[in-house]
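J.: Spelled out, the chains give:
2 protein chains.
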Amino acid sequence: MIITVTLNPAIDVTYRLPGLTVGEVHRVAEVTSRLGGKGVNVARVLHQLGEPIHAVGLADHDFGEALARELPATFLPELEEVRRTLVVVADSTTSLWEPGRQAAVGADLRLLDLLAEQIADAAAIIVSGSLAPGVPIDLPARIAQLAAAAGVPVLLDLDDAALAAAVGTGAVLTPNEDEAARLLGRPLGDPAVAVAELAARHGGPVVLTRGHRGLIANVGGMAWEVRPPAGVSGNPTGAGDASAAGLARGLANGTPWPEILADAAALGAAAVVMPVAGEIDPDAYKTFLAEVRVRRIDHEED
Amino acid sequence: MIITVTLNPAIDVTYRLPGLTVGEVHRVAEVTSRLGGKGVNVARVLHQLGEPIHAVGLADHDFGEALARELPATFLPELEEVRRTLVVVADSTTSLWEPGRQAAVGADLRLLDLLAEQIADAAAIIVSGSLAPGVPIDLPARIAQLAAAAGVPVLLDLDDAALAAAVGTGAVLTPNEDEAARLLGRPLGDPAVAVAELAARHGGPVVLTRGHRGLIANVGGMAWEVRPPAGVSGNPTGAGDASAAGLARGLANGTPWPEILADAAALGAAAVVMPVAGEIDPDAYKTFLAEVRVRRIDHEED
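First to last, the protein sequences are chains A and B.
Each residue of the first sequence is one higher than the last, beginning at 1 in my numbering.
Each residue of the second sequence is one higher than the last, beginning at 1001 in my numbering.
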C-alpha cells in the first residue's frame, strides 16, 4: 500500500460562462467541482493504475467523508474548512486560489499518530503540496523520519520552507527549477550540476522536475536525464502529480531508478492529455513509455 | 411569529484581492462567506428588529444546520447543494452567480406540509426570491392560498414566472419597475397608473419598489407614494429585503398602510448604509423614519 499525504487539500471548482468582464455581474452557466489537492491527485492516479493506496491528510469533516466515498481515504477533520481553487473558463481562463484555512492545534501530532499506525502496511509514503496555515513547517520532514525509522521509502513533493526543512532527511525530493534555485540561493545554471549539488547537500535522491523538458535525477552520485515524448500538449495541471505517482510506485516496488524515471515521465505526459488533474490516459501512457529517453549523465559513464 | 420562506438560498462569498485580471492566476487575500438568499436576509432584518421569526426554506443539510445556529430556522434538505454567489472585490467589483441546484421531487409538497404545521403560530408569511430548479413555479401562489385559508397575511417578493403565477392570489406583491413592466407586457409609463392597473388585475395590494426613488403602493383603490430620505448612499444590495421585512412586520401587526410604507422605506434606506445584506443601522433607521414622506396619490384625495 502506498500512503499519500495531503496537508492542504482543495476543492477544485470550475465555472464555465460565455465571457468574463471585470466589474460586471455574470450568471455562471455551469459549475463543476472535484475534491483535489496535490496528494489527492497523486492518490487518484495510483488508484487508476491499480495500486493499493491509502489517501491520508488534513481536511474538514465533509471533505473527508466525500473523499472516502471515492478512494480509500482517512482525512482528519483538523481544518476550519477546505479552501477552494476556482477556475473561471470563458474566452480565457482566470484562476482564483483561496488561501488555506487554519489547522487545529495538535493536528500535526494526530496525523503522525495516524501514520504511525499505518506505517507497518506501507510500501511507500508520498507527501505532496503546500501546508495549511498552522501546520508546523517541519511536519513533512518528521513524516520522513518516521518512514525512515520503519524502513519505508518516502517522497516529499514540497515547496518553499517545507522543502528547505526536508533537506537532510534523505527522502526523495522533487523540486521544480524555481524551487531548486531558491534552495540553492542562486540562479540554477547547469541543471545537472545544480541537482548534483542539492543531492550532495541533502544526502538523498533529488529529482528535478522540468515540465515538458522532463526530469533530471541524482541518486547517490548517479545521474540521469529523462526526456518525455515530444509534442505532447494539453493541460499541464496535474502532470507533476502523475509523475510523482510514478516515482512513488517505483519506490514502493524497488524498481531500478532508470525505469522509475521513465515511468514518471510517461505518466506526466499521459496526464497532460487529460482535461482534469488526477487522471491519466492509459493508452497514451503505454505509447509514451516506449518513447521516453533516459540518459545517464554522471561522469561514471563518460 | 413571522415565517420567511426561501426557495433558492445562497452562500454569499466575497473574495478580496489587490487586482483582478482576466486570464491570470490570483491568490485571494481574504475570503468571507455568509448564509444568504433574499428570504434569509429578510429573516435577519426581522430578527435584528426583535421580531419573533421562523426562517423556512429549501437547502442542503449543511446550510440548514449552519443557519439554525444563527436564526430560528428549518430548511428542508431538498437541494443537491446550495448555490454560491461570488463577489470578487478588487479595483472594481465582479460578480459570479452560480445557478441554483435541482430540488428533489416532492420538495414543494414537503414544504407545504411544514408550513401547514406552522401556520397556526404565524402572524404573517413572506416568500422572497427565486425558485430553485425543480420547484413548481406556482409554489409561492399555493403558499399564499394556504395562508389565506388560515387568515394569515402573506407577502410575495418574487420575479418572472413565479410572480406572474401569483397574480390573483390576493397576496401583497412587491414587483420592481422591470418586473411590473413585464407583468403588464408594456413599458411602465406613469408608475401610479401601472400599480393601480396591476392591483386591479391582481385583486390585492401591490407595492412597486423603485430603489432610491421609494415605493408606490395601491391597496384596495387607495394609493400612496413614499419618498425615502434623500442622499443615502452605500450598498443597495439587501435594501429591498429590508423594505420587505418592514412590510411583513406591518402586515403581521395590522399596522395602517401609510405607517407600514414609511417603515419599509426607512428600513430600506437603513440597509443601504450597511456593508452587507441582511442588516440595518438602527440609529439611521430612527433618523430616516422621521424623514420619510408618505403622500396619498389616489383620486379620493385630489
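Read the hints as simulated data drawn from the structure, not as lab findings.
Careful, some of the hints might be misleading.
Per label pair, the in silico range of CB-to-CB distance [what the hints assert, rightly or not]:
no.	chain 1	residue 1	chain 2	residue 2	range
1	A	A181	B	S1033	35 to 43 Å
2	B	D1298	A	S92	50 to 58 Å
3	B	S1092	A	K286	46 to 54 Å
4	A	P77	B	N1253	42 to 50 Å
Listing some non-contacts, in silico: residues in chain A with all C-beta distances to chain B over 10 Å [as the list claims (entries may be wrong)]:
no.	residue
5	L20
6	A68
7	P99
8	L112
9	D138
10	Q145
11	A148
12	R182
13	H212
14	E279
By construction, the Cβ of each residue, glycine as well, lies at the ideal position given by its N, Cα and C atoms.
J.: Against each hint, give a clear statement of whether it holds in the structure.
T.: Here is how each hint holds up against the structure:
no.	hint	in the structure
1	A:A181 / B:S1033: 35 to 43 Å	37 Å, holds
2	B:D1298 / A:S92: 50 to 58 Å	55 Å, holds
3	B:S1092 / A:K286: 46 to 54 Å	50 Å, holds
4	A:P77 / B:N1253: 42 to 50 Å	45 Å, holds
5	L20	5 Å, violated
6	A68	17 Å, holds
7	P99	6 Å, violated
8	L112	29 Å, holds
9	D138	24 Å, holds
10	Q145	31 Å, holds
11	A148	34 Å, holds
12	R182	18 Å, holds
13	H212	19 Å, holds
14	E279	21 Å, holds
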